[in-house]
Each structure stands twice: as C-alpha cells, then as structure tokens.
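The task is simple: from the sequences and hints, build the whole structure.
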Amino acid sequence: MQNKSLRKSLIIVIILLFLGISIKPSIGGYNEYMPTHSIKKILNTSSLNEDYVDVYWKFDECSGDTLEDSSGHNYHGTIYESTWTNGKSGCALDFDGLDDNVDLNAHAVKLAFNKTDDLIFSLWFRSDSTNGGLMYCVAGPQSVPEARLELCPNGSLMFKVWTSVCGIACYSSENFNDGSWHFAEIFFNGITAKPTIEIYIDGDFEGKIIHWLCEVANTDFNKAKIGRRAQAETNYFKGRIDEFKIIKYPGGNDQDIPEISGPTSGSPGIEYDFTFVAEDPENDEIWYFIDWDDTTFEDWFGPYPSGTEVTVSHSWYETGTYGIRAKSMDYWDDSPPSAQYMVSIGNLPPDAPIINGPSTGGVGAKYGYSINSNDIDGDDIYYYIDWDDGTNSGWKGPYPTGQPAKINHTWTSPGTYYIKGMAKDIYDEESSWSETIVVTIVENNLPTNPTIDGPSSGNVGNSYPYNFRSTDPDGDDISYYIKWGDGNITSWTTYQSSGTEYTIDHKWNEQGTYIIEAKAKDIYGAESEWSQMSVKMSRTREISSFLLLRFLEKYQIVEKIFYQMFLFLR
Numbered sequence: 323m324q325n326k327s328l329r330k331s332l333i334i335v336i337i338l339l340f341l342g343i344s345i346k347p348s349i350g351g352y353n354e355y356m357p358t359h360s361i362k363k364i365l366n367t368s369s370l371n372e373d374y375v376d377v378y379w380k381f382d383e384c385s386g387d388t389l390e391d392s393s394g395h396n397y398h399g400t401i402y403e404s405t406w407t408n409g410k411s412g413c414a415l416d417f418d419g420l421d422d423n424v425d426l427n428a429h430a431v432k433l434a435f436n437k438t439d440d441l442i443f444s445l446w447f448r449s450d451s452t453n454g455g456l457m458y459c460v461a462g463p464q465s466v467p468e469a470r471l472e473l474c475p476n477g478s479l480m481f482k483v484w485t486s487v488c489g490i491a492c493y494s495s496e497n498f499n500d501g502s503w504h505f506a507e508i509f510f511n512g513i514t515a516k517p518t519i520e521i522y523i524d525g526d527f528e529g530k531i532i533h534w535l536c537e538v539a540n541t542d543f544n545k546a547k548i549g550r551r552a553q554a555e556t557n558y559f560k561g562r563i564d565e566f567k568i569i570k571y572p573g574g575n576d577q578d579i580p581e582i583s584g585p586t587s588g589s590p591g592i593e594y595d596f597t598f599v600a601e602d603p604e605n606d607e608i609w610y611f612i613d614w615d616d617t618t619f620e621d622w623f624g625p626y627p628s629g630t631e632v633t634v635s636h637s638w639y640e641t642g643t644y645g646i647r648a649k650s651m652d653y654w655d656d657s658p659p660s661a662q663y664m665v666s667i668g669n670l671p672p673d674a675p676i677i678n679g680p681s682t683g684g685v686g687a688k689y690g691y692s693i694n695s696n697d698i699d700g701d702d703i704y705y706y707i708d709w710d711d712g713t714n715s716g717w718k719g720p721y722p723t724g725q726p727a728k729i730n731h732t733w734t735s736p737g738t739y740y741i742k743g744m745a746k747d748i749y750d751e752e753s754s755w756s757e758t759i760v761v762t763i764v765e766n767n768l769p770t771n772p773t774i775d776g777p778s779s780g781n782v783g784n785s786y787p788y789n790f791r792s793t794d795p796d797g798d799d800i801s802y803y804i805k806w807g808d809g810n811i812t813s814w815t816t817y818q819s820s821g822t823e824y825t826i827d828h829k830w831n832e833q834g835t836y837i838i839e840a841k842a843k844d845i846y847g848a849e850s851e852w853s854q855m856s857v858k859m860s861r862t863r864e865i866s867s868f869l870l871l872r873f874l875e876k877y878q879i880v881e882k883i884f885y886q887m888f889l890f891l892r
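Going by the numbering used here, the sequence shown opens with residue 323, and the numbers climb by one from there.
Treat the hints loosely; a few may be bogus.
[Unchecked claim] Beta-carbon label-pair distances, calculated as ranges: (1) 537 to 630: 26 to 34 Å; (2) 591 to 714: 32 to 40 Å; (3) 702 to 526: 49 to 57 Å; (4) 722 to 796: 35 to 43 Å.
[To be verified] Straight-line Cα separation of at most 30 Å, BS3-like style, residue types lysine-lysine; simulated pairs: (5) 410 to 567; (6) 742 to 718; (7) 432 to 410; (8) 432 to 560; (9) 742 to 688; (10) 482 to 516; (11) 516 to 567; (12) 567 to 688; (13) 482 to 567; (14) 482 to 380; (15) 380 to 410; (16) 530 to 560; (17) 560 to 410; (18) 728 to 688; (19) 482 to 432; (20) 380 to 432; (21) 728 to 530; (22) 805 to 742; (23) 437 to 380; (24) 432 to 516; (25) 805 to 829; (26) 560 to 482; (27) 728 to 742; (28) 482 to 410; (29) 530 to 516.
Read the hints as simulated data drawn from the structure, not as lab findings. No residue lacks a Cβ here, since even glycine has one placed at the ideal position from N, Cα and C.
And the structure:
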C-alpha cells in the first residue's frame, strides 16, 4: 500500500515537472525605486469726370420757362407749369405732381446712351410724396426702350433700364420721401457681359445690381423729360429738384489696372527697367501714369496700343523700400491705381521681430519664446531678446529669413517683466525693437521628482501598468512626461492633482533592458528633474502541443513510460 502511494506521488511529481516547462514564469515583484538624477506712397487721383459732363442743369435761372444746360452742350429744356423756388443751392424747380415737367425731347438722342456706355447721374431732390413719380425719363417709341429715375411710393429711389424683352433695375434700401433734401448718385456701368447699377444717397451705399442687359443704343430713344414719364403723361413727380448732372463715358470707362514687372532689389544710383502693360476693354489707346514712391512720378504719357508692354527706367538714390504704383487711361477715364510693386534699394535691416510665448509663469520654470522676422533682402537673421531682469539672450543665429527661433529663459524672482526683441542681418543691419511682451512671474516651487512603480521584468508583447507620482509644494496640478526607452514617448499628460498616482500601461516588443524616464511639471511650466527605472523584458517560454508530440515521437521510451503510468493509475 505504501509502495503504491509512493509510485503515485512519483508520477505526479514527474507530470508537474513536465508541465512546469510549458508554463510562463511569473513576472518580478514591484520594487520601490528611488529616483536618480539625470542631466539630460500715394498717387494723385484727380478725377477726369468733369471732362465728360454730358449735361448739367444747375437750376440757377430762378425765373423764366427755360432750364439751361451749363455743360456747354446747350441741352436746354422747356419748363411747363413747374415753379421756381428755393433750392439746395440757389434756386430749384418745384413740381406739383399733377402736370409739371421739363421737356427735353430735342436732345433725347444726345441725352440717351448705349448699353456699353458708363454714366453717372447726380442730383439733389426733396419730396414728401407717397404717390411716387419720375424725376427723369428718356424713352423710345411706346416707351421701348426706357430709362427712368423714379421715387417710388414707399420712398425708395429706383433706376431702371427696360426694353420689351429685358431690363435691369436697382432700388435704394432706405426711403427718402421724408421732406428733406437728399443727394443721389446713380452709377451705370455698361460692361458688355454684366451691366451694373449702384445707388448712393447722401454718400451712403444704398443698392447694387449686376444683370445681363440686351442691346440698347442711344438712337433708340426719341423723348426725354424731367418730372414725368417721357412718352406718356403719367407718373408726375411731386417735389423739388436741383443741381442735376449727367456724366457719360461713351464706350465705357472700365479701365484695366496696369501690370508691373521688373527687378525687386537693386543698389542706389543704378537705373533699372520696369515694364507696364494694360488691356483696354474697348481696345482704345492707353496712357500711363507712374508713381515711383520717391516724390517723383511720370505724368501721363502715351498713347500706346492696348496690350503693348511699355518699358520705363528709373533710379533711386536713397536706401529704402519703394512701392511703385501705376494707372492707365483711355480716351474716357483712368483706372484705379495698381497694387504696390515693391523694390528694395540697398541693404535694408530686417523687419521688427514678433515675439510669441507665455505671458504668465512661475519662478524657476523654463519658458520658451519664439521670435521671428523677415529680411527683405533675403539675408539670414540673428535674434536678441532683453528679458528685463538684467539679462539678455545674446545674439542667436543665424536663421533663414522668416524662420522662427526658439529661445528659453528662466526668471529667478517674482515680478512683472517687459521683454522685447531685435533682429539683425548678417551685415549687422539692426531692426527696430519689437513690441513689448508683458510677462508676470509669481513665486513657485518645483514639483518633486516623480516616483515610478511597476514591474521590473516581464515578457515581450505583454502590457504592464506603471504608476507615476509627484507632489507639488504649492499644491499645483502636475503633468508627466515619460520616455519608455524603446523610442516611444508619452508626451505631457493631462494635469493631475498633486500627489495622486498617474497610471499608464506599456508593452515592449523586443527583449532587452529598458530605462523608463519620467519628469513632472506644474501648471506654470516648472519642471522636476528626471527619474529612472530599469525594466528587463524576456521572450515567452512555451512548448506547444506540436513540439510535445514531436518529442514523444523521437523518444518512444518516454511515450511508453507515460502509457504505463496512465494504465497503472486507472
């Protein structure tokens, strides 16, 4: 009986030993690890508008039945029933809204316009009528086509060009039948593809419309009136009109802005060539005006065929940056000025730098500030920062122009500091000072070096938890930065309460010994020194069922022993 028990025990021990080969060893215990230290210029834009006044009724006759045109074109009108009264400037005509009007039929073709013309209508008016009425109208037979300037019953001002099949109309956004004088300007831009109407009242923008319009010619019109509809005795205006002017640019005045090309840098006293080119929408000949931004300019010169490149030379005698601007002009009007074409003459200093970085912090913490500038000559740049605590960064660099530099600083005393920076190029041309950055530094203590708790050994491919803990003497929240020794990094974590553990899992995929490193920082950026912990990772030791079968096939005596053991135990 005793021998039988002994044999059973022996068999069990053998089986347990065999099974132990195929079971993973347990990982090492948790060790309390003590941290170690580790050192790780502007153009004159005089208007040409007055040269293209088509008609100007000043209403200054103050008596009689003739409304005279002071433009020199003699587009005089005959007054019917309207009475003279006080105007915005001198006299005006008062229309009763019943039958008062001014007949301009004799000049209808000249007052009318083509679709591609550009026009400006301007006048003073005053009305309190809620019936509406036409202040001006020019029309063809059966009112086709018809252009009309109308005060609507709601007090809105409308300008409309209409034919039997198409039209364009624009309304003011506000109402002006309030009994006060108002100055109206209506701009009609007859661009072929997209005619435009804009309305301004008393200098304020009131409305705009862009809409296709079919062909209209001035010869299509045969009647014109002030104070009523041109072809029908309807839509009489009630109110006063003064200082009525029409400016017309036959063929349009939408002049293209010139394009400028040429060198962007040079030396004082050297003459450089620049080219100017503009396309005229109506293919008219073009004149040019150039402002060199050094108090000199090329007055209107030309004409040149539309689209022709014009070369003009110029030299500057003072070091500086100059913005060339140009305008073009056809027979009817000039373009807006071009954008500045910048030219740098001589070696210029970099721009005043821009500094970015934290505006608050704590004593003893290291803070990083970026500083950036551009050098118009493309030179490399050095940077300098005055920290306002009796220290400075010294000149750092050189850096490529436009590339920011990062410069760190630590304040050792609490207070308010006014930092500023400067840039210089490789030829020692210094910029002006940057704008001042105000930084407030408060008393602050560093957090303690973090403790690291977790397994000191394990197997590759398995995740293990590690705990990190630091305490801030000021009770500030803490963030952790962790390097796992395998190239992986856990960058600054979310802030944790001081003294609480931060737990995170990690696994290593290759066997070997790794150094975990960690440091802590508080909300002011004050960082502790590094803590370390060594971890060893081994391969997994397993024997699969396949390997066991191969082993038993090779050593059949062992297979027989196991077989006899199991028979014995049955």
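Hints, one by one, checked against the model:
Take residue 537 and residue 630: their Cβ atoms lie about 30 Å apart, and the range 26 to 34 Å holds. Our hint of 32 to 40 Å for residue 591 and residue 714 holds, since their Cβ atoms are close to 38 Å apart. The beta-carbon spacing between residue 702 and residue 526, approximately 51 Å, falls within the hinted interval of 49 to 57 Å. About 41 Å separates the C-beta atoms of residue 722 and residue 796, a value consistent with the hinted range of 35 to 43 Å.
For the suggested pair residue 410 and residue 567, the alpha carbons sit about 14 Å apart, so the restraint of at most 30 Å is met. Under the criterion of a C-alpha separation no larger than 30 Å, the hint pairing residue 742 with residue 718 is consistent with the structure, at around 14 Å. Taking the CA atoms of residue 432 and residue 410, the gap is about 27 Å. The hint holds against a cut of 30 Å. Only pairs whose Cα atoms come within 30 Å are accepted, and residue 432 paired with residue 560 is accepted, the gap being roughly 26 Å.
Of the supplied pair hints, the one linking residue 742 and residue 688 holds, its CA atoms being roughly 17 Å apart against a limit of 30 Å. The straight-line distance between the Cα atoms of residue 482 and residue 516 is roughly 15 Å, inside the 30 Å bound, and the hint therefore holds. Taking the CA atoms of residue 516 and residue 567, the gap is about 25 Å. The hint holds against a cut of 30 Å. Between the alpha carbons of residue 567 and residue 688 the distance comes to roughly 71 Å, so the proposed pair goes past 30 Å and is violated.
The straight-line distance between the Cα atoms of residue 482 and residue 567 is roughly 17 Å, inside the 30 Å bound, and the hint therefore holds. Annotation: proposed proximity of residue 482 to residue 380 holds, straight-line Cα distance about 24 Å (limit 30 Å). Restraint check for residue 380 and residue 410: the C-alpha separation of about 10 Å stays at or below 30 Å, so the hint holds. Note on residue 530 and residue 560: the hinted pairing holds, with a Cα-Cα distance of about 26 Å set against a maximum of 30 Å.
Note on residue 560 and residue 410: the hinted pairing holds, with a Cα-Cα distance of about 16 Å set against a maximum of 30 Å. Taken as a hint, the residue 728 and residue 688 pair is honoured in the structure, with Cα atoms around 12 Å apart against an allowance of 30 Å. Of the pairs offered as hints, the one joining residue 482 and residue 432 holds, with about 19 Å between alpha carbons and a cut-off of 30 Å not exceeded. Proposed proximity of residue 380 and residue 432 is supported: the alpha carbons are some 18 Å apart, at most 30 Å.
This hinted pair does not check out: residue 728 and residue 530 have alpha carbons roughly 51 Å apart, beyond 30 Å. For a cut-off of 30 Å, the pair hint linking residue 805 to residue 742 is broken: about 35 Å separates their Cα positions. For the hint pairing residue 437 with residue 380, the CA-to-CA distance comes to about 27 Å; that is within 30 Å, so the pair holds. Restraint check for residue 432 and residue 516: satisfied, since their Cα atoms lie roughly 24 Å apart, inside the 30 Å limit.
Proposed proximity of residue 805 and residue 829 is supported: the alpha carbons are some 13 Å apart, at most 30 Å. Distance restraint check for residue 560 and residue 482: the Cα-Cα separation of roughly 19 Å lies within the 30 Å cut-off, and the hinted pair is therefore satisfied. Among the hinted pairs, residue 728 with residue 742 is consistent with the structure: their alpha-carbon atoms are about 14 Å apart, no more than 30 Å. A hinted pair counts as satisfied when its Cα atoms are at most 30 Å apart, and residue 482 with residue 410 qualifies at roughly 26 Å.
Taken as a hint, the residue 530 and residue 516 pair is honoured in the structure, with Cα atoms around 12 Å apart against an allowance of 30 Å.
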